[in-house]
Every structure is written in structure tokens, then in C-alpha cells.
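S.K.: Spelled out from the first residue to the last, the chains are:
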Amino acid sequence: MSAAHERSEAGGPLLQVNDLSVDFAVDGFWVPAAKKLNYEVQGGKALAIVGESGSGKSASSMAILDLLPSNARIRGSVKLAGRELRGLRPDEMRKVRGADIAVIFQEPMTALNPVYTVGFQIIETLRTHFGITPSAARERALELLEMVELPDPLKAFNSYPHQLSGGQRQRAMIAQSISCDPKLLIADEPTTALDVTVQAEILDLMRDLRHRLNSAILLITHDMGVVADLADDIVVMRQGEIVERGTVAGVFANPTHPYTQQLLGAVPRIGVSDGEKIDTTAGLLADTTAIELAARAAAEDEARRATLGDPVLAFEQVAIEYPKRGRVPAFRAVDDANFAIYPGEVVGLVGESGSGKTTVGRAAIGLIPIAEGTARVVGHDISHANRQLLRKVHKDVGIVFQDPSSSLNPRLPIGQSIGEPMLLSGVAKGRALDARVEELLDAVELPRAYRNRYPHELSGGQKQRVGIARALSLKPKLLIADEPTSALDVSVQATVLELMRRLQAEMGFACLFISHDLAVVDTLSDRIIVMQHGKIVEQGATGQLLRNPQDPYTQRLIAAVPVPDPAEQRLRREARHALLAADKAAEQ
Amino acid sequence: MTIPLDPDFEPPAAPASEDDGVAVEKAGAQGISQGRLILRRFLKHKPALISIVLLVLIIGLAVSATGIGSIPGWWKWNYTQLLDPYNNGKPTLSLVPKWLGGEGIMLGEHPFGQNGVGKDYFAMVMRGTMNSAYIMFIIGFIAAFIGVVIGAISGYYRGWVDAVLMRITDVVIVIPVIVLGAVVGVAAGGLGPLFLAVLLGFVAWTGVARLVRAEFLSLREREFVEAARVAGASDARIIFKHILPNAMGVVIVATTLLIAAAIILETSLSFLGYGVQSPDVSLGKLISDNEAAFATKPWLFWWPAVFIVVLSLLVNFIGDGLRDAFDPRQKRVRIKKVKELPADLVVGSSIGTRAAVPEGAGRGGGSAVGRRQRPMDGENDENGDNDGSQA
Amino acid sequence: MLSYVLRRIGVSILILIAASLLMYVLVAWARDPLQDLYASSSPNKDNLIAQRIQWLNLDQPVLLRWLNWLGGAVQCVIPGGGCDLGVTITNQPVTILLGRAIGATLQLVTAATVLAIVLGVTIGIVSALRQYSAIDYTFTFASFFLYSLPSFLMGVLLKVFIALGFNDFLADPTITWPWIIALSLISGLFWQAILGGGRNKRLVVFAASLLTTCVMLWGISATHWLLDPSLGPILAPLLIAGVGAGMVVLVAGTHSKTAWRTGAVVAAVVIVLYFVSLPFLRGWGLAGIIGLFVVGIAAGIAAGLLLGQHDKGQAARIGALAAALGVAVIVLDQYMRTWNSYVTNPRINGRPIATVGSATPTLKGDFWIHSTDTFTHLLLPTISLMLISFAGYTRYARGGMLEVLNQDYIRTARAKGLPERTVVVRHAFRNSLIPITTIVAADVGGLIGGAIITERIFAFSGMGALFNSGLQAGDPNPVMAYFIVIAIFAITFNFLADLAYSALDPRVRAK
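Residue numbers (this note's numbering), protein chains in the order written: chain A, 1 to 588; chain B, 1 to 391; chain C, 1 to 511.
Check each hint, because a few of them may be wrong.
[Claimed, not checked] One side only, chain C facing chain B, incomplete, derived with CB under 8 Å:
| # | residue |
| --- | --- |
| 1 | L146 |
| 2 | L149 |
| 3 | P150 |
| 4 | V160 |
| 5 | A163 |
| 6 | V485 |
| 7 | F489 |
Rather than coming from a laboratory, the hints here were simulated on the basis of the structure.
Remember, it's a predicted structure, so these values are computed and weren't measured experimentally.
In this text, a Cβ means the ideal position worked out from N, Cα and C, and glycines have one as well.
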């Protein structure tokens, strides 16, 4: 079964794409998604195709295997090891799919069939391409599951997709894809849906497998850090066209096209903010300079805080529970949370999924009740809050939500959405209200005329600006930002973050900035709080936390964040491996 | 580090219409609300449009011919007069014009013929149609109203209110509508079609209630509802200004389909003898009365049958059109008829909205980065460990 | 799991009790059981009234009467207790009437339900797979149209046209040329649309089905086949073989040699069975049919296991299906041979399609004659009952399938290189069963209620008739008996639907 892997002809590229164009029929017109693309993938190497949404990277890659819906038109040539794939008969194409070229999809929860076990789905692939007995296929499947480093291959084999965690599912998906030893792996945003620590592990796995199996990888992603970690070559796409290509090292060091420059510039890098560069890698290696700098940063932060007076938000031993609903038992989402935010401070709250960070944010504004402990917000004790108390609190606290498409009422013009808090608290109405709304629109850099537009007429970034305007309409003392940029493209994210930074500097509100992305958080924050599984594992000044993280989880988290610089990324990788090895040794 | 704001970077103003992707720049201070978009989509749905026109015409014909209350209709006979047989009771309606060799287009003395005792059938059918029409609308609206109220309260407040209301709904659902309708019909029987319609309305609301409850349950978790709560909105404001308008689509479609079902319910009940009673007329009763006469006097059967079918079909078409307007599905792509994009049409696929120029093959991956939704801690996961914990 | 089941049952019982109260009160309010007596001019009117009051406890308040009824009804569920559902207006115990009525209605409803589901789901799925094609539009429009029709209209139309029409046709069963050509054309268009494929394939399919239909129809007409039909020693084996081939292609596709071998062997076995049983089957009756099925399916599974090589499961499935359908052909042939003696039976007199009742009274004959009789009596009511719900199921199935086909895992299945047939059957169909099952199972409960109209049109003395006559007279107990039966059915089917859902969808199972 471990068929000897055929090398592509020496000298020729494994995958050759020439003048590939993809159009979609929309409203009676052919709308281009990709225009005359030309690129090559060498055997055994990894090519990254990078772009934001609308760039056509996914559509053009799915076109290679003819996996597009029926309203798509594909033109051009795609050659695999010299053999033309366009125009193949359906049954010939089926032989190529899965066996010569395999795909790893983005969201394994939906990409795997929920009603069949993982093992069955892998066996199915094997038996379609090789005429082997069920027991031989089962053996091979277990081998594969072990190869992808699943802790209990037999259990995973018999599990349904929903019974595995996100990372395990993706490993299973990878096992399925490599089962027939494909020459080329197309990985479509393979780690986008995963937490950052899991992402690092999956990237490790993919790199490892690539070396072992010598498959080429076509990596589609928007994340520059992932590119720096995994890819050898890079192609940058924008609105259907390739704007730049080259080796990763070359392009990252010297981007020539303005779009690439902008893109690289917009990517938030961990440790880089306001001109000051914090060397987080050094921090992981317990460098002495780093420790000194960390101590100094901590001291400065203390000094700053001492001058600020009473905290705007203070949690003491707070526990938050989701009450028992029907048959679902009560779930303690946050336990023993202790932290404080002072006026004018920006505090970043970081954690992966299930960490409880969102819960903390919502509890701080009173949307979720507090089960234990004391919580004080803008001078009120909300530990046992009722509606009237919360109404007072809401006059001084604003919240920005994550998903721009669901945070605005689709039926209301955005002017009304922005004005609602002011209207309901009696601050203004009628003409005065309109004037205030227009001021806010100015502040978030949207044209005043947009007041009468509806959410579906705005882009994601614009909608998020509206959300910010609404949150700031009552001039709050505290702004809670719940993953405000996670659903936005990188470049748009950069502009929105810049906006928030500027507004915070101007208006002086304190901010609880919740995110799963350390790099984003660190550009804005004075302090960082790290949460895991409902508990705060570490908190401190940004300068201190990033240079000298104490808690092993924090260290792992920092180590896992990829940076868009191949050389540095390699160093970080090694540091991370050292860290993990040390952790394991400590456990034994 | 400051990130330069590049005006070219922010994509141009998103499409003014949600026509899936091909964004055409439209300068406009006045936005186009979703209501208008839906109306536009509905107006493009030809069968639905034609159905509305036809429906209005037919109901208009029926009402005007029969007259309302004390205002007489334009037709000379009414449905109670016993007349002498004319032309052996056969229909005198003629549609073949004289110049084609027929008798000319005319209604004649009794266009739909006469029944066994000499009543003018046209008048009877018109009266039956009128009754059926207004019964079905009354049932529809009453049932929809009750359904929306119950569904909304149930879905919004959840907890024990939801449990109680849903159990009550279950009790009513257990009994098939036609059974309830029959019993109610027997009770209401002689009191006239209006009373019957109202009572039937009290019986037919369960489907709408369930649908509305489901909509409310999902809408109330949306972030704009949380934002409204933070803004200080009361429960009533949230329900009426925020959630209900967004649930309207479901309500309208469900009501229309309910009306279509109501007409079938009423005619079936009348057929069985539990609906509209003599001397008043119902299309269903006309069919049951004249079942046996089929061999000798087929027109007694066909005319009411045609009207029942037509009414039902028309309302169903309208319901279909409404459903397509609120929830547009992919239309058929005639590949041969697709044209190349003219150069002057500005195309900008907007970030963050659902583009039909998909990022991921065929999936709505156009929404920017496609990050997973923040998991509602504890909500989706069986074991309490969410995605991404140590693999 | 057990606690879940118990809790569901508990809640259902409470709902039933509440619903029964609602029903009882409504019926009591609707009509006074003494109404006809008040209007009567009989001399001992007062005596009759008093007697009826005594029989039905009409002097007691409504709630008390309901409690009495409830007490009696509950005993039906408790094992060992007597079952007292009260008496009718004429002092007959309801339980006896109910027993007879349930049998008749069940016969009617079961066939209709099964047919509606099978046909509806199949057509819906085929429609979804051929989305936007001519056949899709036809089916969609047809189901839309049928869905808008009231069921009584359908029933009356069937009664009048099909029954009269077919019985008349049977007197002289020739098919005129215009009809032959028209039907052949339709058949050709139909098959080429269903099977799809490229231009050449479609032309071939069109031509082949056109010719076959043409020849068939001409043959039927010329030989007056419909008067004394049978499949004969040529057609029957052909059909058995064809059915076997169909199963092979459906389950395993055209390329699997082991599948073909299994199919061939099983077909041969069934053909042998056919010839062997031919002289005896008439005498064996029901036992013979069952025996044939058992033998056939056993042989099919055995053949599959023996010949299956490395896919024994699939081969066994093919063997069983092919054998079952093959035996069905044998049974069908036998019924065809009985047809003539049925039609010429003095009680039937050349008009076989019946429109009244569930059986011909005083009909003499063996098992085959009687079952044919049941068939002809059930035919029209079943079609009538089935057509409306079938339209609904087609739409649900189509919708469910379309939704599934848009899912990510279908794209993954294609990306893995699975043949399209596997993608559709194993991945798409299996997942679409989840929403379809829930809706269908919930709907079935209501089908029983719909029989009221059909039973009235075709004069079936089933539960619907019980309800009708009871309600007209204001007689509460038969109406309550009807209610309790359908309510229990509805609740049971809902419950089964939930169980099916959790069986089909592993995500729901973890309770």
C-alpha cells in the first residue's frame, strides 16, 4: 500500500498552469473570477497563493480539479506532470482526483460527511482508487491516522466527525487526503478555522508530511504568517490577477508591487507597534536582555496606572455560568477572574475558543449575569444587576460586535441604528439627533450621506465602522470590542484598527479589546490578559508579557503566532519546539 | 506603527441592490430598503404577478356579480330564485365568435346553466366563489395573527412561557385540522359563513405559530438584538422594531400558504356537509350536491370545480412568488445565453457581502476571511471542549 | 435514553388527555344528541328521550361525562383491563364498531402511505438530481398542481372518469393508433430525460424506449391482452432478468463483475422458481407467496455471499433485492392469470374497477380472487388518498436533496474521486433522508385524518364513516373513539420520527 511515490519528470514542473481563466455566470453575464493565470508548482515544493476575498485564489485552484459549480466557465490549460487535465473525460478526471491530486478543505466540520465515521470515509477513498479488501484498507487507514499524529488512532477511526475536536478533525481530513499518496496537495485555507496553537501543530504536521511523502503543496491562504512558515514560493493575487510572484524569502524581503507592499504592511505583527519592536522570539528563549526589558516595562506600567484613579472595570473572583437549559447542564464558562481596567487604558483579552473571553466581555456590559464574585463597572456594582441598574451602566459602556453582517438590523437605515442609543436614553431627538449622527459618521470616516443607507449596501469594513459609531454614540467611559476585526480582510482590518486607535487617543475611553489574535491585540494594548479554559492564566503589561511570559500556556501561545518573515519564523519554530520539549520533560 | 489609510484600498460603495454580486455603482443618498428589494424581486416573478391580477379579477367578478349586503350586483339573477328551465338547464355561455361560425360571444340567459330546481348556476357559483374568497382571507388573517402572537411570545421569552404555549399548541396539533374544522363547522353551521370563518381561524394557527417561534428563537440570538438591549430598548421595542420586521418574510409566506390551505379546508368541509349550509352556497357543497348528476348534467360539476382549482392554484402561485422574493434561490443558468461583460459596467465584488462570484468553489466564502463564528461557550459542544483545544 | 423515552411518553399522555377534553367539550357543544328526537313526531318520544339520556348519561355535566369516558378509555391501555369506549346513540358498544372500522381504514391508508412515500421521495430525488431540466419542471409543476387540488375533487374525478372509463374500455380493449404513437413518444421523452447523459446516449434511449413502448402497446391492443393478461414463459423470465439487471446497476454500477455474476445467478434461480411453481402457485395461495419470497431472498443472499469476493455485503444486498423483485414478478404474473376469472365472475360482470365499499359482497372464490377483489376496491381510494400527499413529499424530497447537494461534504466526496453514482447514493441520499424522514413521519399521522373524505366518496365503512355518522348525530362516543385512535397514531408517528432522526443523524444521538 505504501506505493513507491513517483517523482515528476526531472526538469519539468509538477503542475503547470497556463492562461487559466475562470468566469461565473451571474445575472446573464460572465463575471471573471480569475484572469489568465500562469504559474508552476515544482515537485516536492510548496507554492502559496495569497490574496484577500474576491482575489479568485480559491476559485482558480478548485478549477484545477474541475470542482466548480455548473455556472462556472473554465478556460486555459492545466498540466500535471506534462499531462493535460482540462478536457479530460469525467471518468478520467475521477481517477486524478484523490489519487494524483488531493484537496484539504478549510472547514473540516462541514467538509466531512457527518453521518459516516472518519474511518469509513478514509477507507472509501482507498477502495475507490485501489481494489483492496476491506481489512487491508482498514489497516492502511489506521496507519494513516497514526501518521497524522492523532493520539488514539483507533478511537478516531470509529468516531464521527462531530466527536472530534477541530484540530483532530483537520488531522483526519489530512489523513484522508494523503491516503492515496497524491503528487500534489491542494490545501484551501487549511488552518483558518483553527486556533493558533492548533494551527501551529497542523503546520508542523504538514511540513513533516511533505518531507516524508515528497508531495508538492499548493497552499491557498490569506495569512502571511502561515505562508512564511510553510511555503517556498509565493504568488500574490488581487481581483483575479497575479500581481507578484517569487520565492517567499525574496518577496517578503523586497515586495515590488504596491499591493504586496500594502498587504505586507497591513499584516499585524506580534511585538511590533508604535515604532517599538519587541523581540518575542528572544523572550521565548529566556534571553536575559529580554527579561530586563520586561521588568522595566512592568515598572513603567505600574507607575502609569498609579496615576489613574479608580478603575473603570474591576472583576474580583468573578465566575460566570450559563444556566441549565432543558437538558443541557449548567456550564461554568469563566472561573475566578480577577482583573481591573483603569480609565484611558486599553487592555487586550486574548484566548482561544472556549477560553471564556467573549463571556467576560458580555458579562462586563451586563448581557450575561454574574454567578459569583464582585464586578464593578463605571462605578456601579453589577454583581446582582437588574434592568434599571444596567440601563445606567449602558450609558457609559459601549460594545462593538464581531460579525458586521449580523450586528446591524437589516431593516433599519444605519443612521437609525447609530442613533438608537441616543434616542432611547433621551440625549437627543429629531434634528439634534440627526446632527449628532452625522458627527459620528464623520468621526468614523464615513460619508454623511450614508445615513440613509441600509446595511446590505455597505461593505464589511464600513459596517464595522457603523458599529463603532453606535458604540461611541453616548461617549462611553469604557468600550468593549468583541473581536471587532476578526471577520474582516487583512487590509480592511488594518484601517479599522487604525481608526479605533485614533478614536481612543482622541476620546480617551478605556477599552477591553477581545481577540484570539495576539498580534492584533498587541498593536493597541497597554496590558494583556491571557485566558484559557475559563481561567486567567496570566496578565501584565504588554512589554512585560511579550518579553517574559511566565505561564507555559502564554509561552506556547506566543510561540505559535507566525510572523510574516521566513527567517524569523524558522527561529520561532525552533524556539517553539524547544518549549514544547521542555514542557513535556517537565511533565515527566 | 501607523498603517497608512489608502483610499483606493477601501472598495467602492457596495452594490445598491443585492442582486448577487455584480455591483453597479449607484450614487444615492437615499438607500434602498430591503422591503423595496423584495418587492422588486417579486415583481420579476411572472407567474405570481399574473396570479395576483387574475385573482383580483376573479374575486372582483364574483363580488360585483353577487352584490354586497344591500347593494345589488350587476347580474340579473340571484342565487335563491327558482326559475323556469331555459334551454333544458344547459349553459348558454358561448365563446366562439360569429365570424368563426359560432353563436357569437355572449353570456346568454344562464351562462352556467341551471341546476335541478331551476336556480341560476352562474349566480350560485359566483356567490360560492365570493364566500370562499372571503372565508379564506378571514381564516388566513385570524390564524396568522394568533400564530404570530403565540410564536413571538414563545420564541422571545423562552423558559416556562415557551413550554406552556408549546404544550397548548401540541394539544391543538394532535387533532387534525379537518376534524376540528368539522366539529366547529357543525357548531357554527347555521350562523353564516362569517362566524364559520372566524371559528376556523381559531383552529388553524398552529403551523404559523411554530414557524414564527423558530424564527424568533434564531433572531433573538443575533447581535443586533443584543446591541438594541444595550442601547436601552424595552422588550416591546425589541420585538416590534427589531425582531418582527425581520421575521416578516416567514410570516407573509406562511400566511399566504395558510390562505391556500384555508380554501381547501373550507371547500372540503362544505363538501362533507360541515361548512357553509343551505340556503347559502359554497363551491364544495355544490360539488357534493351534484355528484350524482355528473353523467347527465356535467356542467353542474365542472363550473364549481374549475373555480376551486383556479383559486387554489392562484394563491399557491402567489405564495411561491413571495417565497422566492424573500429567499431567492439560484436561478437556472442558460449557459448558451450568458454574455460577456461589457467593458463599461463597473464590477466590484464587495467584501463582506455574499458575492455570487464565490471565493470558495460554490460556497458563500466571499465574506472576507471566513473566521469561524465565536462559539457560544457551552452551546454547541457536547463535551464542553470547543474547537482547537489541544489536539 | 430510557429516561428520555419515558419522559416523552409521559408528556404525550398529558397532551392526549388535554386534547381529549378539548375534543369532548367541542363535540358536546356542537350538536345535541337529542336533536333528532326533539324533532320526531313519534308517540313515545318522551320515552325515547329518557332512554337516550340514560344511555349516554346526558343528565350529567359535560366534565363528568368526559371523566367517565376517560376512565373507560384508560382501561384500554392497561393490560388486562376491559376496554370501555362507551355506547353509541343506539346503545351499541363502540369498541365493536371500532374494531371493524380500524381494519378497513388501515387497509386503505397503509397502501396509500407506502406508495406516496416511495413514489414521492423517488420522484423528488430524481427531480433534484436533474434540476432545471424539462423533467424537473414537469414534475415540479405536476406536484404543484396536485398539491393545490382538494382531495375530494380528486376522488370524485377518479370515481367518475377512471372507474367508468376503464370499465368501459375493458369491454373492448383496443388501443387506437393515435394513442399508441402519443404514448410511445411520451415514453421516449420521459426515459431520455430521466437517464440523462450525452447527446448520443439520449438519442439511443429515446429510440429504444419509443420502439419498446410502441411494440408493447400494439401487442396489448392486438391480442386483447387486457382481457386475459399474463406474462407468459417469454416475458416473465425477461422481466425477472431485467429487474435483476436494474438492481445491479443501481447498487453497484455497471462495472462490477462480481455484482453482475451475482445478479445473473439470482435471476436464473428465480426464473427456475417461476417455472417450477407455475402449475402449483394457484393452489398454494398466501402460503405459496410467502414461501417463494423466503426461498428467493435466502437464495439471493446466499449467492451474494458466495460470489461476492471482497464485497460480500454489497453482493448479498444485490442478491436479496433482485430475488425479492423477481419473486414479485412471479406473483404479479399469477395475479394476471387470475384476472380473467375475476372479471367474468357473475358478481363482477365485466366492471372490475369498483367505486363503492371495500369488498364485493357475496363474492365466491379462492385467495387470489378475493385479494384481486380487495385490490380493485382499494385502487381508486388509494390513488385518491395518495396523490395529494405524494405531491407534498415530492416537494420536500426535492428541497431536502437540493440542500444536501449544496453541502461541502459533497464537494469533498467528488474531490476524493468517487464516481458520481456513489456520491449521490451514499453521500447525498443518505443525508437527505434526515430531513425527509422527519417531515414524512410527522405527516403520516395526519394522513389517517384525511381518510374521512375519501371514505365518504367511496362509501368505505371505516373510521371516517364512524366519525361522520357520529358527528352528524351528535353522538360523542364514536367521535371520541375516532379521535383517540388518530391522536395515538399521530403521536406515535411523531415519536418514531424523532427516533428515526436520531438513528439517522449521529450528531443527535449523544443523549
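S.K.: Please name the hints from earlier in the document that this structure breaks, with their numbers sorted from lowest to highest.
M.R.: 1, 5, 6 and 7
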